[in-house]
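S.K.: One letter stands for each residue in the lines below.
Number of protein chains: 2
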Amino acid sequence: MDKKALYSLSYGVFMLGTRSGDKKNGCITNTCFQTANDPVRVAVSVINANYSCDLIKESGLFTLSVLSENVSFETIKHFGMQSGRSVDKLADISLPEDAAGVPYMGWSACAVLSCKVLQSIDLGSHTLFVAEVTDAKSLSDDAPLTYAYYQSNIKPKPEKKQETRAIKAWRCRICNYVYEGSQLPADFLCPICGHDASDFEPVYE
Amino acid sequence: MDKKALYSLSYGVFMLGTRSGDKKNGCITNTCFQTANDPVRVAVSVINANYSCDLIKESGLFTLSVLSENVSFETIKHFGMQSGRSVDKLADISLPEDAAGVPYMGWSACAVLSCKVLQSIDLGSHTLFVAEVTDAKSLSDDAPLTYAYYQSNIKPKPEKKQETRAIKAWRCRICNYVYEGSQLPADFLCPICGHDASDFEPVYE
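Chains as they are written, first to last, in our numbering: chain A, 5 to 209; chain B, 5 to 209.
Calculated directly from the structure, the hints in this document are not laboratory data. Hints should not be assumed to be uniformly reliable.
All copies of an identical chain are treated as equivalent in the list; a pair is satisfied when it fits inside any one copy or across any two copies.
[Stated by the list, open to error] In silico BS3-like cross-links for lysine-lysine, where the CA-CA straight-line distance does not exceed 30 Å: (1) K28 - K7; (2) K159 - K8; (3) K141 - K172; (4) K8 - K81; (5) K120 - K161; (6) K172 - K61; (7) K141 - K81; (8) K141 - K159; (9) K141 - K7.
Remember, predicted model here, so these are calculated numbers, not experimental data.
Just chain A, with the same shape it has in the complex (with noise of 0.2 Å):
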C-alpha cells in the first residue's frame, strides 16, 4: 500500500471545542464531514490519545468551528501542537460558548457546529464520533481554510540557513581524511578509504 495515497483526500481544518463539567478544552482536526442531511449529522475522527476525546466520550458534546484562511498560525500552534492534559488553552481566552456551554472560536471562523454524540466507534487510533447537530451559525463570510492553503500558505517554511562562510576544505565523513580546497571535483576518491565525492562535507573558514 501506497500510504503517500492517503494525502491527496482533501480536508478543511476545524476547531474542536469541547467541555464535560468544568473541564474544557478546544483543539485543531482536519477530519469532518457532513453524513446525512436528513436529519442533519456530522462525522468527526479524534485521536483516541488525546484530551479533546476524554472530555467527548465523558460529555457527548463538541463544536466544529470552520476556521477561515486568515486564521494566524499562532491560533493554529495555541490549540493544535500543545495537550490539554498539561495546558489549560482556555485559561487566559475568552471564547464564547454555545447554548450548552461548549466552547467555539470568536475570531478567524466562518461557522460553528453544535453537535451531540449518537454513535462513537473505537478505530484502534481514532475514534470515529457520528453526531446530530443541534445548532449552524455562520460567523464570518471569510473563505474556509482546507488543509491543502494551511500547508502551503500559513505553516511557517523551514527556514533555510544561510550559509555565508567561505569552504576551504572537505571532509571525507567516512575516514576523515581532508581534501584543501574549496572546490572538490566531482570525480574525486578518497585516497584513504576509496569513497566518492558524494561522502565529503564542506570544511568552513
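Given chain A, work out where chain B should sit, using these hints.
M.R.: Same frame as chain A, now just chain B:
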C-alpha cells in the same frame, strides 16, 4: 439552525467505484475522509437511494478515486448526473479494475483507494460506511480537486443571455403604460399609476 453554515465544510471530489458480481457502477461523491491511520480506515457517506449504495451493501467493496483539478465537466456529468439504475455508465468506457475487480478512474485522478466495508451505519438519508483500506495507489501528481474548485472552475456558469436588440420603448409592469423612447429618464413616474422607473421593463425592436 442556519443550514448555510454547513456549506463552509471543505470536501474533495471522488469517483466511487462499485461492483457486485457482474453489476458495476461509478458515481461522484464528496463525503470521504481518512478516519484512522493505524490501521488505515476511511469513512464514506452514500445516499441511501443511490444504486452505488445498494452495490456496496451487497459486496462490501468499493474504490475511491481522488479526482484531480483537470477533470472535465463531461466526466462529472457522466458519473454524477445519471443513475446506474437506468444507464450502464461503464458500457462504452473501459475502466481499470483493482485486485477485487472493482472499477476505478483511468484518467483525471490523483490516487485510488481499494476499500472493504467493516461497518455500515444507516443515518436516514445516507449510509455511513467505515472501511478498511486494502490497497492505495498514487496515479498522478496533479492537484486534487476540491468541491470549492469544482464549483468555481469546472461547473459551467449559467450563460448570460446577450441582448443585442435595440430598446424602442419602456413598459410599466404595473399598468402597461408605454413610454416611447430608448432611454427612460431615471426620475420618470408613470402618468397612469404613479410607479417609478424601477417598475418599467424594456420593449425591444
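S.K.: Take the hints in turn and mark each one as holding or not.
M.R.: Hints and how they fare:
no.: 1; hint: K28 - K7; verdict: between (34 Å within a copy, 26 Å between copies)
no.: 2; hint: K159 - K8; verdict: both (20 Å within a copy, 29 Å between copies)
no.: 3; hint: K141 - K172; verdict: neither (64 Å within a copy, 47 Å between copies)
no.: 4; hint: K8 - K81; verdict: both (25 Å within a copy, 28 Å between copies)
no.: 5; hint: K120 - K161; verdict: neither (38 Å within a copy, 38 Å between copies)
no.: 6; hint: K172 - K61; verdict: neither (61 Å within a copy, 69 Å between copies)
no.: 7; hint: K141 - K81; verdict: within (25 Å within a copy, 32 Å between copies)
no.: 8; hint: K141 - K159; verdict: both (27 Å within a copy, 27 Å between copies)
no.: 9; hint: K141 - K7; verdict: between (36 Å within a copy, 8 Å between copies)
In summary, the structure is inconsistent with hints 3, 5 and 6 from the numbered list given earlier, while agreeing with the others.
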